[in-house]
Each structure stands twice: as C-alpha cells, then as structure tokens.
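For reference, the chains in residue letters:
2 protein chains.
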Amino acid sequence: MATQRIIDFLAQNRPEGPCLVVDLDVVQRNYETFTHALPDSRIFYAVKANPAPEVLSLLANLGSNFDTASVVEIEMAMAAGATPDRISFGNTIKKERDIARAHELGIRLFAVDCVEEVEKIARVAPAARVFCRILTDGEGAEWPLSRKFGCAPSMALEVLEHAHHLGLHAYGVSFHVGSQQCNLDAWDKALGEAASIFNTLADRGIQLSMVNMGGGFPTRYLRDVPKTHAYGAAIVDSLHTHFGNHMPETIIEPGRGMVGDAGVIKAEVVLISRKHADDPIRWVYLDIGKFGGLAETMDEAIRYPITTIHDGGDVAPCVLAGPTCDSADVMYEKKPYDLPIALTIGDEVLIEATGAYTTTYSAVAFNGFSPLASYVI
Amino acid sequence: MATQRIIDFLAQNRPEGPCLVVDLDVVQRNYETFTHALPDSRIFYAVKANPAPEVLSLLANLGSNFDTASVVEIEMAMAAGATPDRISFGNTIKKERDIARAHELGIRLFAVDCVEEVEKIARVAPAARVFCRILTDGEGAEWPLSRKFGCAPSMALEVLEHAHHLGLHAYGVSFHVGSQQCNLDAWDKALGEAASIFNTLADRGIQLSMVNMGGGFPTRYLRDVPKTHAYGAAIVDSLHTHFGNHMPETIIEPGRGMVGDAGVIKAEVVLISRKHADDPIRWVYLDIGKFGGLAETMDEAIRYPITTIHDGGDVAPCVLAGPTCDSADVMYEKKPYDLPIALTIGDEVLIEATGAYTTTYSAVAFNGFSPLASYVI
Numbered sequence: 001m002a003t004q005r006i007i008d009f010l011a012q013n014r015p016e017g018p019c020l021v022v023d024l025d026v027v028q029r030n031y032e033t034f035t036h037a038l039p040d041s042r043i044f045y046a047v048k049a050n051p052a053p054e055v056l057s058l059l060a061n062l063g064s065n066f067d068t069a070s071v072v073e074i075e076m077a078m079a080a081g082a083t084p085d086r087i088s089f090g091n092t093i094k095k096e097r098d099i100a101r102a103h104e105l106g107i108r109l110f111a112v113d114c115v116e117e118v119e120k121i122a123r124v125a126p127a128a129r130v131f132c133r134i135l136t137d138g139e140g141a142e143w144p145l146s147r148k149f150g151c152a153p154s155m156a157l158e159v160l161e162h163a164h165h166l167g168l169h170a171y172g173v174s175f176h177v178g179s180q181q182c183n184l185d186a187w188d189k190a191l192g193e194a195a196s197i198f199n200t201l202a203d204r205g206i207q208l209s210m211v212n213m214g215g216g217f218p219t220r221y222l223r224d225v226p227k228t229h230a231y232g233a234a235i236v237d238s239l240h241t242h243f244g245n246h247m248p249e250t251i252i253e254p255g256r257g258m259v260g261d262a263g264v265i266k267a268e269v270v271l272i273s274r275k276h277a278d279d280p281i282r283w284v285y286l287d288i289g290k291f292g293g294l295a296e297t298m299d300e301a302i303r304y305p306i307t308t309i310h311d312g313g314d315v316a317p318c319v320l321a322g323p324t325c326d327s328a329d330v331m332y333e334k335k336p337y338d339l340p341i342a343l344t345i346g347d348e349v350l351i352e353a354t355g356a357y358t359t360t361y362s363a364v365a366f367n368g369f370s371p372l373a374s375y376v377i
Numbered sequence: 001m002a003t004q005r006i007i008d009f010l011a012q013n014r015p016e017g018p019c020l021v022v023d024l025d026v027v028q029r030n031y032e033t034f035t036h037a038l039p040d041s042r043i044f045y046a047v048k049a050n051p052a053p054e055v056l057s058l059l060a061n062l063g064s065n066f067d068t069a070s071v072v073e074i075e076m077a078m079a080a081g082a083t084p085d086r087i088s089f090g091n092t093i094k095k096e097r098d099i100a101r102a103h104e105l106g107i108r109l110f111a112v113d114c115v116e117e118v119e120k121i122a123r124v125a126p127a128a129r130v131f132c133r134i135l136t137d138g139e140g141a142e143w144p145l146s147r148k149f150g151c152a153p154s155m156a157l158e159v160l161e162h163a164h165h166l167g168l169h170a171y172g173v174s175f176h177v178g179s180q181q182c183n184l185d186a187w188d189k190a191l192g193e194a195a196s197i198f199n200t201l202a203d204r205g206i207q208l209s210m211v212n213m214g215g216g217f218p219t220r221y222l223r224d225v226p227k228t229h230a231y232g233a234a235i236v237d238s239l240h241t242h243f244g245n246h247m248p249e250t251i252i253e254p255g256r257g258m259v260g261d262a263g264v265i266k267a268e269v270v271l272i273s274r275k276h277a278d279d280p281i282r283w284v285y286l287d288i289g290k291f292g293g294l295a296e297t298m299d300e301a302i303r304y305p306i307t308t309i310h311d312g313g314d315v316a317p318c319v320l321a322g323p324t325c326d327s328a329d330v331m332y333e334k335k336p337y338d339l340p341i342a343l344t345i346g347d348e349v350l351i352e353a354t355g356a357y358t359t360t361y362s363a364v365a366f367n368g369f370s371p372l373a374s375y376v377i
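Chains W and D are the protein sequences, given in the same order.
Everything in the first sequence is counted per the UniProt record's numbering, starting at 1 for the first residue and increasing by one.
Everything in the second sequence is counted per the UniProt record's numbering, starting at 1 for the first residue and increasing by one.
These aren't lab readings, by the way, just hints derived from the structure by calculation.
Certain hints may be false.
[What the hints assert, rightly or not] List time: in silico DSBU-like cross-link candidates among lysine-lysine, alpha-carbon distance up to 30 angstroms: (1) W/95 x D/275; (2) W/95 x D/95; (3) W/189 x D/227; (4) D/95 x D/227; (5) W/335 x W/275; (6) W/227 x W/95; (7) D/275 x W/189; (8) D/275 x W/335; (9) W/334 x D/335; (10) W/275 x D/334; (11) W/95 x D/334; (12) W/275 x W/189; (13) W/227 x W/275; (14) D/275 x D/227; (15) D/95 x W/334.
[Said to hold, decoys possible] Derived Cβ-Cβ restraints for the label pairs, each shown as a range: (16) D/85 x W/280: 35 to 45 angstroms; (17) D/75 x W/335: 18 to 28 angstroms; (18) D/104 x W/348: 37 to 47 angstroms.
Quick reminder that beta carbons are idealized off the backbone N, C-alpha and C, glycines included.
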C-alpha cells in the first residue's frame with residue numbers, strides 16, 4: 001500500500017527513527033471517492049484522525065468541511081482555510097468556556113447527547129444549531145464502540161425538544177456505527193431510528209433538517225473491506241427507505257476512511273530473540289509500539305499490514321512488541337504475527353495503512369522516546 | 001493523600017486545565033524510607049516513572065542512582081547531576097547505536113535478556129558490565145507483567161556465559177516481580193532462581209556479583225498496601241535464605257514506589273449525564289482520560305482514589321470517562337466508580353497517587369488536547 005512517492009521519499013531522505021509518511025495524492029483520491037459515492041452528502045473530515053496542516057489545507061481547498069473535537073482543532077481547521085460555517089464542534093463533551101470560545105470564533109453547529117450539554121450551549125452560543133447523537137450498538141466494527149457517546153433515541157426526543165424550547169435550532173440527529181465498520185447494513189438501523197425521531201418531533205412542531213451519519217468507513221488493513229461506493233449505495237438505499245420523498249440534508253465524517261491508507265510508518269527492528277532455548281515463537285521488537293503511535297493495537301484491535309524486504313520468503317509466528325520498558329507495550333501476542341524467518345536486527349519494516357490515529361496518539365515522551373515524526377508529501 | 005503543600009499550590013495558582021502537582025517532600029521521604037528498609041541495596045530510581053528535572057535533581061542530590069530506558073533518559077539523569085557510574089541502561093531492547101552513544105557518555109552497566117543483545121554490547125561497549133533479566137510470573141501484581149522482558153533462567157546461564165566469553169563482565173541477574181506488587185513472597189522465588197544461577201555459573205568459573213531486584217513496590221491507591229519496611233524485611237530474609245554468607249551486591253529500581261504517592265492530578269468535571277431517562281448509572285466525563293495521562297486505567301488496571309468537595313455525602317455508581325472523541329477513552333465502566341451524588345459539572349476533583357506513569361504517557365495532541373501539564377513543588 002506504500003505508494004511509489006512514499007517509497008521514493010524514504011529512499012531519498014532516510015529519516016532517522018520511526019516516522020509516518022503521508023501521501024496527499026491518496027488523501028485527495030479518497031476525498032473524491034467519497035464525493036462520488038455520496039454526492040448529496042456534505043463531507044466533514046474528522047480532524048482527530050490526522051490533523052497535519054498539509055492534510056487540512058488540501059481538504060479545505062477541495063471543499064471539505066471539518067468535524068472537530070476541541071477549540072484547538074477548530075483553530076487548526078480555520079488556519080487551513082476553512083470558514084466557521086464549514087466547521088462542526090462534534091465532541092459531545094465540551095467545557096462551557098470552550099463552547100463560548102467556539103461561538104466567538106463563529107462556530108454555529110454543535111453536537112449534544114444530553115440536556116446538560118444543551119443548557120451549556122443555550123447559555124453561551126444562543127440560537128446555534130445542535131444535533132443530538134443517538135446510541136448504536138456498533139456491531140461489526142473492529143475498533144470498539146462503547147456507550148460513551150450518544151443517548152437512547154427516546155431520550156434524544158427530549159434533548160432536541162429542550163434545545164428548541166431554549167431557543168436553539170434543533171437541527172438534526174447524528175450517530176456513529178463504529179470505527180472500521182465492515183457491515184454495510186450497520187447504517188440502515190440507525191437511519192431508521194433517525195427517521196423515527198424526525199417524524200415524532202415533526203408531530204410536536206419541530207422540523208429537523210439534518211442527519212449526520214458519522215464515520216466508520218474502513219481502511220483496508222490485512223483483510224479486504226467493501227469499497228466506498230458500496231457503502232454509498234447502501235446508505236442511499238437506506239435513506240430512501242426511511243425518508244422517502246422527504247430526504248434530509250446529510251453529513252458524513254470520514255477520518256480513518258480519508259487518511260488511513262494514505263500513510264505508512266517506517267520502523268526498525270531493534271531486537272529479535274526467544275524466551276528460552278527451544279521457544280517456537282520469536283519476539284520481534286520494533287522502535288515503535290503502543291505508546292509511540294500504534295495505540296490502536298490495544299487489545300490487538302487493529303492489525304496493520306507489515307512489509308519487509310524479505311517478503312515472499314518463509315514466515316514464522318512472532319510476538320510483536322514496542323521498544324519501551326513497559327510490559328504492556330506488546331502489540332500482537334494473543335494472535336502472533338507471521339513475519340519472514342530472514343528478518344534481521346536492524347532491518348527496516350513498513351507498517352502500512354497508518355495514516356489515521358497514529359501521530360496524535362503517540363506519548364509525549366514515554367521512556368524518553370520522541371513522539372512519532374510525520375512527513376506529509 | 002494530597003499534601004497541604006499541593007492543596008495550597010492549587011488554591012494559590014489555580015492552573016487552567018488538568019495538571020499534575022508533585023510534592024518533592026514526599027519523594028524525599030520515600031527515598032529515605034527505601035534506604036532504611038533496604039540499607040545494603042543501592043537505589044536506582046526508574047526514571048520513566050516521572051522524569052521531571054526537579055525530581056531527578058532531588059534524587060541525584062540525595063545519592064540515588066538511576067535506571068534509564070533510553071539515551072534521552074541517560075542524558076536527563078546526567079543533567080540532573082548523576083555521574084555515569086550511577087546510571088544503568090536498564091532497557092533490554094536497545095539499538096546498537098544507542099548502546100554506543102551510552103558507552104560514549106560513560107555508561108558501563110547494561111541489561112540484557114538474550115545473546116543477540118550481548119553481541120551488540122560486546123561490539124560497541126567492550127568490557128561493560130551486563131546483567132541478565134530472568135522471567136518471573138508476576139503473580140500478585142496489579143499492572144500486568146507480560147513475558148516481554150527476561151528469559152528463562154536456564155537460558156540466562158548461556159546469555160551470561162556468552163557475555164563472559166565475548167570479554168564483557170558478566171555482572172549479575174535481574175528480575176521484576178511486576179508493578180504494584182502486593183505479595184511480599186513474590187521476591188523470594190526470583191531470589192531463589194538468581195542464587196541458583198550464581199551457583200551454576202560459579203561452578204563454570206564465572207563469579208557473578210549483583211542481583212538487581214527491580215521495582216514493583218506499590219503505591220497506595222484505593223486499597224492498603226504493605227509498608228516499605230515490610231518489603232525490606234521480607235527481601236532481606238529471602239536474600240539470607242538463598243545466598244547465606246555470600247550475600248551479593250543488590251540493587252532496587254523503585255519508580256511507582258518513589259513518586260506515585262507524591263503527585264496529585266487536578267481535573268474538572270466537564271459533563272455528567274445519563275444514557276436514557278431511567279438510567280441508574282451516571283456518566284461522569286473529566287477533562288483528563290486514558291489519552292491525557294491516565295493510560296494506566298487501561299483494562300481498569302489501576303484504580304486511583306478520587307476526592308471531591310462533596311466527599312462524605314451520599315454516593316452513587318458512575319462510569320468515568322475522558323474528554324476525547326475516542327470511544328475507548330473510558331476509564332472505569334466494568335466496575336463503576338462511586339462518586340458523590342452532589343457532584344456537579346464544573347467541579348474540580350483530585351485524582352490522587354498519580355505521581356508515576358502519567359505525564360509521559362499522555363498523548364502529544366490527541367483531539368487537539370495538550371499533554372498533561374506538570375508542576376513540581
């Protein structure tokens with residue numbers, strides 16, 4: 001999955017230490033694929049997936065909107081050229097003073113999932129648009145989706161009514177089917193719930209406008225995933241089923257799906273050893289691990305493809321671990337990872353499809369190691 | 001556990017955002033407690049637990065030695081005033097060029113757990129002292145100890161013999177009983193294994209000198225833990241049992257036990273909500289979570305004491321979560337955390353015993369949030 005541009009960059013620059021290289025051409029292609037797959041939806045790129053200024057500028061120039069998690073991310077999106085009307089404050093957990101700051105910056109679209117958050121927004125961002133996130137079960141998603149965000153659909157009715165009564169614009173409903181979602185039907189159930197909320201509130205005199213369908217679009221790691229246009233077709237079908245001739249405005253928030261396959265991490269084999277003389281499993285230690293950017297290997301959730309110069313030769317199972325003195329810094333052990341028998345200490349490896357959720361996850365200085373370096377080309 | 005000095009500092013300075021405050025008086029008292037509990041052991045502070053320059057300087061002045069995980073940590077210990085003979089490169093996973101750099105800086109004591117690492121050291125740090133880490137089962141430890149570090153005792157014989165034959169000084173054996181170890185007997189079994197390695201190698205003409213007994217000394221979180229002098233007495237007993245009149249030089253490497261209870265994190269309640277109208281569990285969202293410094297809540301391993309201004313009133317179970325848009329950023333859910341019913345959005349809370357393994361674990365910029373601020377007083 002490493003593009004020729006990435007391979008050439010690494011060959012010419014030979015950066016020291018582990019680093020991520022992101023190819024903007026892939027990001028652009030992904031953006032265009034989303035616009036074709038869901039031509040009637042506005043794209044709000046999930047900045048948290050990779051907030052590199054070059055990525056944000058490219059997407060701002062292409063016309064993307066931005067889903068942000070904090071005031072800092074709002075400021076980064078604006079610095080990249082996005083006007084406030086193209087930015088959503090999509091975190092349901094916000095300090096009131098951060099909502100006020102966002103409002104000062106011109107942000108008028110906020111996520112909520114409870115009346116307490118609605119009240120904060122009513123106090124410091126009067127007349128703003130709010131959308132209420134509802135819970136989904138996340139079935140079929142590879143990265144765990146907890147009950148952290150969203151409320152039961154029955155409670156969403158109250159939340160949006162409360163917003164309306166406080167003078168806010170009860171604007172819509174959002175959901176998230178779970179990150180790295182490979183089940184095309186996952187959107188259908190949530191869209192059914194959303195339509196039901198639209199109908200119930202219409203009966204109470206509140207006209208919602210928008211469905212935010214969140215992210216969840218996968219990156220290809222080791223297993224094949226459905227193509228973006230297949231997601232698009234399934235989603236458009238479900239929208240027609242549930243909304244008929246009254247199609248709402250729709251938003252999608254791709255993060256992983258936008259940048260995941262655009263980046264590759266170059267790493268180095270620091271040590272290969274065994275735990276006892278006739279141990280069948282080798283331990284392979286890289287110069288990057290769970291605390292250096294590969295946090296999504298937590299519970300072995302995301303299984304990245306790894307390529308080496310020995311690919312094609314015989315392989316054997318390895319435990320893959322990071323370089324820190326933390327015993328929890330082990331990436332793949334329950335299900336060992338097959339790597340070439342010829343792999344040697346000092347070899348470089350490429351950890352593919354690592355453009356999303358890597359740089360910003362890395363620890364600031366654990367064990368004295370620097371955060372993951374990043375090059376955007 | 002927050003000292004009056006910490007409480008006064010927070011009251012006077014009212015720092016914005018989540019922050020750790022470390023009281024150096026507590027660190028000093030912990031250092032002195034270790035020296036009294038194990039007067040014949042040299043203390044190598046595990047820098048990774050909290051590398052704040054003020055902590056390192058205090059310990060350097062008190063006479064501590066330093067266990068380091070990387071060249072950066074070596075440089076930090078030296079900047080704090082430690083001479084190279086007081087520094088161990090205790091990470092078993094090292095790039096050869098980092099070993100060479102450490103050797104240039106004057107470091108002569110290195111950890112190993114396989115012949116491959118011995119060979120690196122022999123090439124670039126000739127005649128250095130090496131100690132071989134052996135595997136222990138970690139039973140009784142609260143923070144998981146994997147098989148990541150160390151080798152079977154039978155393999156340690158080969159590793160140390162190989163070092164000897166390559167001209168290195170086969171210096172000793174190390175083990176780690178698991179972090180936050182509350183079982184006083186945990187050291188006994190490992191010391192028995194160490195003594196057996198000493199004896200076997202003596203028969204082969206190699207005289208080992210040192211046993212590095214690692215860390216594992218706990219911090220008091222919610223449950224009582226044995227006192228340091230109880231650990232000391234148990235360890236000294238075991239040393240006499242296994243080594244008799246031939247007592248080795250010994251080292252301990254406290255990290256959590258040195259700084260854990262010296263620090264307190266001040267955080268703020270961002271949101272309190274429920275997931276449906278009659279949900280018995282409240283969700284309490286703080287402005288710090290798993291990616292902002294509380295990584296050790298992973299799998300709900302470490303359960304920090306939390307104090308609020310409402311303590312003493314009625315409590316009810318809460319799910320405790322962080323402020324990021326990551327669904328995995330939930331700290332206590334499987335076993336909900338009891339917090340006062342009177343707790344309100346905007347309240348400050350103190351997360352106690354957070355002096356170790358917090359600042360450096362925090363993500364560099366996840367969701368745009370800054371790494372955990374730290375004040376050492």
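Now for the hints, and whether the structure bears them out:
Using a Cα cut-off of 30 angstroms, the hinted pair residue 95 of chain W and residue 275 of chain D holds, with the two alpha carbons roughly 19 angstroms apart. A hinted pair counts as satisfied when its Cα atoms are at most 30 angstroms apart, and residue 95 of chain W with residue 95 of chain D does not qualify at roughly 44 angstroms. Distance restraint check for residue 189 of chain W and residue 227 of chain D: the Cα-Cα separation of roughly 55 angstroms exceeds the 30 angstroms cut-off, and the hinted pair is therefore not satisfied. Our distance criterion of 30 angstroms between C-alpha atoms is broken by residue 95 of chain D and residue 227 of chain D, whose separation comes to about 38 angstroms.
Only pairs whose Cα atoms come within 30 angstroms are accepted, and residue 335 of chain W paired with residue 275 of chain W is accepted, the gap being roughly 17 angstroms. A C-alpha spacing of about 38 angstroms is found between residue 227 of chain W and residue 95 of chain W, which places the hinted pair above 30 angstroms, so the restraint is violated. Proximity of residue 275 of chain D to residue 189 of chain W is assessed by CA-CA distance (about 19 angstroms); at most 30 angstroms being required, the pair is judged to hold. Restraint check: the Cα-Cα separation between residue 275 of chain D and residue 335 of chain W comes to about 35 angstroms, which exceeds 30 angstroms; the hinted pair is violated.
Between residue 334 of chain W and residue 335 of chain D the alpha-carbon distance is near 24 angstroms, which keeps this suggested pair within the 30 angstroms criterion. With a C-alpha separation of about 33 angstroms, the suggested pair residue 275 of chain W and residue 334 of chain D falls outside the 30 angstroms cut-off, and the hint is violated. Proximity of residue 95 of chain W to residue 334 of chain D is assessed by CA-CA distance (about 26 angstroms); at most 30 angstroms being required, the pair is judged to hold. Taken as a hint, the residue 275 of chain W and residue 189 of chain W pair is broken in the structure, with Cα atoms around 49 angstroms apart against an allowance of 30 angstroms.
About 42 angstroms separates the Cα atoms of residue 227 of chain W and residue 275 of chain W, which puts this hinted pair outside 30 angstroms; it is violated. Restraint check: the Cα-Cα separation between residue 275 of chain D and residue 227 of chain D comes to about 42 angstroms, which exceeds 30 angstroms; the hinted pair is violated. Restraint check for residue 95 of chain D and residue 334 of chain W: satisfied, since their Cα atoms lie roughly 26 angstroms apart, inside the 30 angstroms limit. In this structure the hint that residue 85 of chain D and residue 280 of chain W lie 35 to 45 angstroms apart at CB holds, the actual value being about 41 angstroms.
The beta-carbon spacing between residue 75 of chain D and residue 335 of chain W, approximately 38 angstroms, falls outside the hinted interval of 18 to 28 angstroms. At roughly 25 angstroms, the beta-carbon separation of residue 104 of chain D and residue 348 of chain W lies outside the given 37 to 47 angstroms, and the hint is violated.
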